[in-house]
Structures are given as structure tokens and as C-alpha cells.
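Counted the way the numbering used here counts, the sequence shown spans residues 1 to 331.
Calculated from the structure, these hints are not laboratory results.
Check before you lean on any hint, since a few could be wrong.
[As the list claims (entries may be wrong)] Label-pair restraints from in silico Cβ distances:
| id | residue 1 | residue 2 | range |
| --- | --- | --- | --- |
| 1 | Pro194 | Gln81 | 24 to 34 Å |
| 2 | Phe32 | Leu295 | 45 to 55 Å |
| 3 | Leu299 | Pro98 | 50 to 60 Å |
| 4 | Trp189 | Arg143 | 19 to 29 Å |
| 5 | Val73 | Val242 | 39 to 49 Å |
| 6 | Pro98 | Ser165 | 18 to 28 Å |
| 7 | Gly292 | Gly127 | 45 to 55 Å |
| 8 | Arg166 | Leu145 | 16 to 26 Å |
| 9 | Ser165 | Ala100 | 25 to 35 Å |
| 10 | Arg239 | Arg143 | 54 to 64 Å |
| 11 | Ala104 | Pro293 | 54 to 64 Å |
| 12 | Tyr184 | Gln96 | 45 to 55 Å |
Remember, it's a predicted structure, so these values are computed and weren't measured experimentally.
The beta-carbon is built from N, C-alpha and C at its ideal position, and this holds for glycine as well.
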Amino acid sequence: MFWAFLGGVAASAVVTAAVAEGGLALMVPAYFYPKPGGDWERLTAAARRVPLVAILNPNSGPGSATVADPEYVRAVQSLRQAGGRVTGYVSTRYAQRPIAEVNADVRRYHELYPLDGFFLDEMSNDGRAVSVNYYAEVCEEIRRLKPAYHVTGNPGTHTQERYLSRPTVDTLVTFEEGTGYPGYTPDTWNRRYPAHRFCHLLHSVVDAPALTNAVALARKRNAGFLFVTDDLLPNPWDRLPVFWDNEVNLIESANRAAAESVPPRVDLRRRADGLGRLQLDGSAGRYIVARGPSLSEWLPLVTNLTFTGQMVFEPILWSAAPEVYFRAAVE
1 MFWAFLGGVA
11 ASAVVTAAVA
21 EGGLALMVPA
31 YFYPKPGGDW
41 ERLTAAARRV
51 PLVAILNPNS
61 GPGSATVADP
71 EYVRAVQSLR
81 QAGGRVTGYV
91 STRYAQRPIA
101 EVNADVRRYH
111 ELYPLDGFFL
121 DEMSNDGRAV
131 SVNYYAEVCE
141 EIRRLKPAYH
151 VTGNPGTHTQ
161 ERYLSRPTVD
171 TLVTFEEGTG
181 YPGYTPDTWN
191 RRYPAHRFCH
201 LLHSVVDAPA
211 LTNAVALARK
221 RNAGFLFVTD
231 DLLPNPWDRL
241 PVFWDNEVNL
251 IESANRAAAE
261 SVPPRVDLRR
271 RADGLGRLQL
281 DGSAGRYIVA
291 RGPSLSEWLP
301 LVTNLTFTGQ
311 MVFEPILWSA
321 APEVYFRAAV
331 E
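Between the sequences and the hints, there should be enough to build the whole structure, so can you do that?
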């Protein structure tokens, strides 16, 4: 376990380098029904270890139900309590679906389920003003419901920078395919944005070496979100892969490696109320913050997951004693 240290309450940034190959979060199209001992419970177990987003999709969207499905409610609540996030699937038909229908799906999800964002599938990638305006309008409606909602757009292939620079979404899926990932080359403009702005979804990956290679390539290609499955078309998202446990282990190991290669930057500031605010800037992963009077005595304060590499811990007990130290690391 590698620790980034912050010694003394008046100290600030201790490491300033950027992460070349960052950590990863899982973004899982969870297009399967929750049941006891099923894949939603396996998602929940994994969410205690690695950053994980599950895409909720009851019926190619929320369906027409006016009452929430209690099994989905339980699954969503359990996963979120474990530290994961849940985002609602909405089809946009490449900007051809009427915005009123898209917004109606968004509002129905918002009313029925405790979500963290939305996954806009079948996203156009032509970059035309009419298409960009379409997604900007959908995003504005989502933000009106809750400013903190995270919006993912899925063109599934190369797309135009203006979808991020406008912005219309927070994250873009720039690869969704069953073949071709070893030879895939992201657009050069992708490097101008942090890794959590990009997601790669791989299906039909049938062996462990290909899985291991995909995780390594995703890190090199500045993708902050990833999912790899051996499931096949026509619906490669209707179960978790047979190598799911191995995939979670690989993501966990990748996050440790990212923090060890370039340690997180930690910064402690005094709040107006006299307590402290500790900010961490690093890579995705599960971090623990500890406090102690020396470099050999530590009291764990809080453990949490970050999907973006950024996290704020507060309130932190403030003390004027120079021998107080804080440290943070990926578990």
C-alpha cells in the first residue's frame, strides 16, 4: 500500500505530478433482473472494492410503469449503500427520438428510482449543430432535476470533441464492440481531457489473457471507465462475465499501480468553522485517509471511493500541533 503524506496542518500539496496511466472504474450495463444471489448482488460486493457504475435498464428504459419495481429499488439501494452508483438507461436513437419522449423517460426514472445519473444510448457522433443542441437540451433537463446527476453518452465509437466541450455529457463511450480493441486508436483530442471523461465497453472477450490486455490498454488509452465481458450478441449485457471476479481483481490492482506510480496529491485547508478540509487529487480507486502524531502511529479517519481521482474529506479535526500528520492511499 502506498501512502501520500501530508505532515503538519499548515502543509499543502506534497506531490504535483499527473497520472500517466490512471486508475479505472467499472461501468456495467446491468441489463438483467435482480434476484437473490444474482448478478446485482455480485455488483454490490464489487462496489465495496472498486469504483463501479451500474446501468439500470428495466425495459429498454424505465418502461411505462408508474410504480417502481421493488426488486430494482432494493438492488439500487444496496449497490449505492456499498459505494457504487446507478445510472438510468435512455435511448435517443441518434438524436432522432423526440426530445419530449427522452425527457419523459428521464423524469420517470427520477421519480421512481434513487439514481446518480443517466446513460444516453444510441448517441449521434456527427457533431452537427442540430445534434449537439439536441443533447445539450437533454442534459439541461437532467440538470434541472438534479445538478449532481452524471450524464454518459454512448456513440460507441469515435466522436466529436464538441460533445464534451459544449458540454452535452460528462462521459463519452468511445468504444463499444466485440472485436478490434487491440488495434483501436483513440482520437488525439481525447488526451486533452481527464480519463473519467471516457468509457470503453468490450463484449465477446472469451479468454483471460484478452481481459488482462484490455485492462492494460484502457489505462494507456486514457479511459477512466471500462467493462469487459465474454457475453455475446445479440444482447451481450444480460449477465456478468464468467471472469467477473478476475476482472474486479484486475481493476483493483490497476488502481493500486496507478497510485504507486504517481502518488495522489493531498491538500489540507482550514475551514471558516475552524475544522479542516482535506482534498485528494489522484486516480480512481478506494482511498483511506488516516491521521497520526507520527509516521508510525495512525488512526484511520474515513474510507471512500473516487471515480474521478478527486475527493474531499471533511470535516477533519484541526490541530495547531506541528506533529499531526495525514496520509491517503488506495487500499
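Structure-based check of all given hints:
1. Between Pro194 and Gln81 the beta carbon distance is about 27 Å. The supplied range of 24 to 34 Å therefore holds.
2. One distance hint, 45 to 55 Å for the beta-carbon pair Phe32 and Leu295, holds here, with the actual separation near 47 Å.
3. In this structure the supplied range 50 to 60 Å holds for Leu299 paired with Pro98, their Cβ-Cβ distance being about 56 Å.
4. For the pair Trp189 and Arg143, the beta carbons lie near 24 Å from each other, so the given range of 19 to 29 Å is met.
5. Between Val73 and Val242 the Cβ separation comes to about 28 Å, which falls outside the hinted range of 39 to 49 Å.
6. In this structure the hint that Pro98 and Ser165 lie 18 to 28 Å apart at CB holds, the actual value being about 26 Å.
7. Distance hint for Gly292 and Gly127: a CB-CB separation of about 52 Å, consistent with the stated range 45 to 55 Å.
8. Separated by about 19 Å at the C-beta atoms, Arg166 and Leu145 satisfy the suggested range of 16 to 26 Å.
9. Checked against the given bound of 25 to 35 Å, the beta carbons of Ser165 and Ala100, roughly 27 Å apart, stay inside it.
10. Judged by the Cβ atoms, the range 54 to 64 Å given for Arg239 and Arg143 is violated: they are separated by roughly 33 Å.
11. Between Ala104 and Pro293 the Cβ separation comes to about 57 Å, which falls inside the hinted range of 54 to 64 Å.
12. Judged by the Cβ atoms, the range 45 to 55 Å given for Tyr184 and Gln96 is violated: they are separated by roughly 27 Å.
In summary, the numbered hints that this structure violates are 5, 10 and 12.
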